[in-house]
Amino acid sequence: MAEVKELVNELVDKYGRERKSLLPILQGIHLERNYLSKEAMLEVAKQLDLSAAEIYGTASFYSFLDTKADGKYKIRVCKSITCEMKGKSDIIKTLEDMLKIKVGETTEGKRFSLLETNCLGLCDQGPAMLINEEYYTKLTAAKVRKILGEYIRNKY
Amino acid sequence: MSNNKLRKVDVIFSPYSVAPYEILKNTMRRPKDEVVQELIDSGLRGRGGAGFPTGLKWKFAKQQQSDQKYVICNADEGEPGTFKDRKLLVEVPRKVISGMAICAWVIGATKGYIYLRREYRYLIQDIEKELDLYHKHAAEIGLDFKIEIFLGAGAYVCGEETALIESMEGKRGEPRNKPPYPIQSGYLGKPTVVNNVETFASATMVCRIGANEYKKFGTDDQHGSKLFSISGDSPKEGVHELELGMSLEDFANEFGDGDTKAVQVGGVAGFCIPRKKFKTTIIGEGNTTGGSTMIFNSTRSMYNVLHNYLDFFSEESCGQCTPCRIGTQQLLKGIEAVKSGKKPPEYLDQLVKLSETMRLTSKCGLGQSVTNSFSSIVKNFREEMIY
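So the sequence lines, in the order shown, correspond to chains A and B.
Using the numbering used here, the first residue of the first sequence is number 1, and each one after it goes up by one.
Using the numbering used here, the first residue of the second sequence is number 1, and each one after it goes up by one.
In short, the hints are calculated from the structure, not lab data.
As the structure is a computational prediction, the values presented were derived from the model and not from experiment.
Quick reminder that beta carbons are idealized off the backbone N, C-alpha and C, glycines included.
Errors might be hidden in some of the hints.
[Unchecked claim] Sample of chain A residues at the chain B side, in silico, Cβ under 8 Å:
hint, residue
1, R17
2, S21
3, L22
4, L23
5, Q27
6, G57
7, M85
8, L120
9, L122
10, E133
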């Protein structure tokens, strides 16, 4: 608790105690904690003098702000039409087989979450996916096995 | 000039033959009204998709009396099939930044933002380096205009300018009613110009080469060059700069794989044009001009294509207004019901009417434009929706 308070304090000092600073503050918490805990959102509400519902309402609107804890590595596979045409479903199937979870689920121990996302802006290089901040393009099942294999071995 | 042929040009991605900050400096030596008139005369329209005349937007913003004004570069490029703004920010960021600075100087703004979509977060460091460089130049030429990056958090609807502004104010990205327009009351209630990344880069080039030269590109109706993001069944996927006003037939011949069945012009918010209409369709006339062009060949199921679009729309609808929130879901359920035989084929006509109602009653461009792809696919590929 004390730690969250400190983090929010730092971010409020950096971005300002105003509503317009809300997204940068939430993103700052997310970067450190990987999600927005209830405690963190309550602390932001207190500091910015807003209702907790306003904070939650804003946070839950955006697809890159999570309000519940999930995987340390978030795998986002682009599901836009061009990535679908280039073989997105093979990519999903390979990931599901390797992680033994379905889209929308998180592995035990919260290491990987598998998500589909809307257009990543890499339509000329599909299928594409994002693992946390890393982009992977022109994917094939073999390529996915190699990439994810490395995450499992080195970064698990 | 106006024979609707495809012509490749090199205006926006041309190397910096004159440094963009020199263009800025030279432009600032001219009277502001003259620069605005130059932009109006150039015929440059917003390159994000809505196509509002850029010079007019700047003129109206200039006329506003206010202690503070803002310039926002809309880099929330979320339309499926679009990736030109990413390339611009990577390859010619100084043309984009100069365009923002020229705009700020014209309208009298001291603060600007680049609203960068969350998916492009990896570009931040490079853009910040460019901004440092710009701020040094600005100090040298005595221009009081600072630019910051504002990072989005993942929402397609925030590409709509008032939703973008709401998001910057720390709220849900729900579009506002218009009027008032952002040039009257935008970010924090102040006059704000929101332009697409490509629009700013094009404005810099209009200032560089002049309206007369710029107008030589394109046709009598559509002036200038435009970036096209090309993807799908094409051996030439990528960003291509073309003169405006070409026929879709020329386009498909150049970029298709020889087996093109349909082209989605203007992203999922645009129109799906079948092969039989390629000859009579001019890109940018009566369809949107964001530059997303997705090519489908004869192996593609147009039912799957439409299903994908509707899934996208129902997920990205902000949920604020009923026609869009419920309409997108009902269209998706509706085509599934027809496909599975639970509803008769005639049900498609009712769905087209529903999408038309959404166009008339939705609050913003998202809900209003669903009918573009919906009707064009259902009408042109009806049998694929049923069997």
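Checked hints:
no.	hint	result
1	R17	violated, 11 Å
2	S21	holds, 7 Å
3	L22	holds, 3 Å
4	L23	holds, 6 Å
5	Q27	holds, 6 Å
6	G57	holds, 6 Å
7	M85	holds, 6 Å
8	L120	holds, 5 Å
9	L122	holds, 7 Å
10	E133	holds, 6 Å
When the structure is compared with the earlier hints, a violation turns up for hint 1 alone.
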